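Here the structure of chain C is known, so what remains is to put chain S in place on it, guided by the hints.
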Amino acid sequence: MSDTAVISDRRLERQAAKRRRARRGQAIAIGSSVLVLGGLAALVLTSPGWPVVRETFFSWTIFKDSFPEVLEGFWLDVKLFVIIEMAVLAIGLALALLKISRNPALFPLRMLATVFVDLFRGVPSILLIFLIGFGVPALQLEGLPTDPVVLGAIALTLAYSGYVAEVYRAGIRSIHRGQRDAALAIGLTEGQALRHVILPQALRRISAPLLNDFVALQKEVALISILGPLEAFRIAQIVQYKTFNFTPLIAAALLYLLVTVPLARVVDRIGGPEGVVR
Amino acid sequence: MSDAAGTPAPGAPVLEIRGVTKAFGEREVLRGIDLSVREHEAIALIGASGSGKSTLLRCIDLLEEIDDGDVLLDGEVITDPAVSPVAVRRRLGLVFQAYNLFPHLTALQNVVLGETRAQGIGRREAEERGRELLRRFGLEGREDDRPDGLSGGQQQRVAIARAFSGRPRVMLLDEVTSALDPELVGEVLAAVRDLKDEGMTMLIATHEMSFAREVADQVAFLHDGRIAELGSPEQVLGQPRNAETQRFLSRLLEAGRA
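So the protein sequences, as listed, match chains C and S.
If you're matching positions, the first sequence starts at 1 in this note's numbering and goes up one per residue.
If you're matching positions, the second sequence starts at 1001 in this note's numbering and goes up one per residue.
These are computed hints drawn from the structure, not numbers from a lab.
Since we're looking at a predicted model, the values are computed, not measured.
Glycine included, C-beta positions come from ideal geometry on N, C-alpha and C.
Check the hints yourself; a few may be wrong.
[As the list claims (entries may be wrong)] Label pairs and their in silico Cβ distance ranges:
#, chain 1, residue 1, chain 2, residue 2, range
1, S, 1076, C, 142, 58 to 64 Å
2, C, 12, S, 1178, 21 to 27 Å
3, C, 124, S, 1119, 37 to 43 Å
4, S, 1246, C, 177, 50 to 56 Å
5, S, 1070, C, 114, 34 to 40 Å
Okay, chain C solo, but in the shape it has when bound (with noise of 0.2 Å):
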């Protein structure tokens, strides 16, 4: 890589010194993690305990019957956030849009969003869906959705929306007031402004804490289990009750976890300091 002939002995020295500090580390680090996580193992292992343990939450034989039906459960899960991210990123932005206009005409649907996003954000996910999931039928009107499915889908995304609407519009005022006045000085509109200077800026900032609030959705998702439909969790704890073992749960705490931690680990990269646009 570099010439040899120009590197002095003192840097040759304090390169080797380097190594071995690192080589060093790498050892103790190794050693200290052999010491502690084999002694935990060894500890839960060993205890007389264990062996129960093992038998109701990491049973192979019933994490093989039951992991196809619980991921066949789960699919119903991936598409519910799915569908319901979508329509939460663009009622939000909608709610936000709407709370920082200063549009006369729009003061009432203004109102309105501030009560929306009070009142859904303030209530919690499970009553929601259960009021919504098991009110709605129960009014018996024509035209108005009876399926679970669909109703739980849309508790959540009321609940979401109102969340996501204060984080657009924290990423909106984080833009400083000398863009929007370029923007007007090139002679674009408010609309404009807000469209092509503001909002694409604003968007980079909070990609970050709107994944955050993903990763969260991504997990009430399981809530619409009380309204009935199969999704991963509530075929897991079909099958716990007929086998009296808990390890049809562990098999869909895994499967959320496969679509939950490497979205955090997304939210992780872009929230770092290099991911953040000035």
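Relative to chain C, chain S alone:
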């Protein structure tokens, strides 16, 4: 662009400011400004920090609403509430002290945005013109750089190209070199000089007295919300009549800036 070879001589008034006042709450920043900028004329607006230079420029570009008086552009009262501010701003070019480039767009996109969205020029033509403008201000090869990859002087030159891209009737420059490192001031002033040579009508708020002397046809000294003195650069900067102008210039002299 220019009517004749060389720097065109000043003609009829393009921008007229009549009795403009502006207060922020209790603080009266402008207390009755009268100033007229003629075609092809460059007026340097000098005065202490906080004397209202930026506010005046922002009021002209309708980024602030004035309290009293009128501003006329080509004889039309632009501060009339019935006039669309968007249409007015499309005829003016404002350059900010802090550049205010759009950080998510490249240098070229910064210039093209106004042309395509505000001036209604097709994308291809706008890009062609944008490239030419950037080349003109010494930014060839920088078209695809984002603002944070450019030096302050380069950013300000992109900002000047952006403001100029709409072929404005008047350009308003708000202390365009104040945020720059000293060694970068020259390249931005060269860009302004270039506009002046082309005959651009300009109102230039500045702290650079030597530049005002060189480029401006007239110098206006703003003090306490009013134009305290207006005249040729030689007169206002050389033999100021107003006591406040004298005090201001001697303070600058002490600071080694005149």
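Quick rundown of the hints versus the structure:
1. Distance hint for residue 1076/S and residue 142/C: a CB-CB separation of about 59 Å, consistent with the stated range 58 to 64 Å.
2. In this structure the supplied range 21 to 27 Å is violated for residue 12/C paired with residue 1178/S, their Cβ-Cβ distance being about 50 Å.
3. At roughly 52 Å, the beta carbons of residue 124/C and residue 1119/S sit outside the given window of 37 to 43 Å.
4. At roughly 36 Å, the beta-carbon separation of residue 1246/S and residue 177/C lies outside the given 50 to 56 Å, and the hint is violated.
5. Between residue 1070/S and residue 114/C the C-beta distance comes to about 39 Å, which sits within the given range of 34 to 40 Å.
Of the numbered hints stated above, those contradicted by the structure are hints 2, 3, 4, listed in ascending order.
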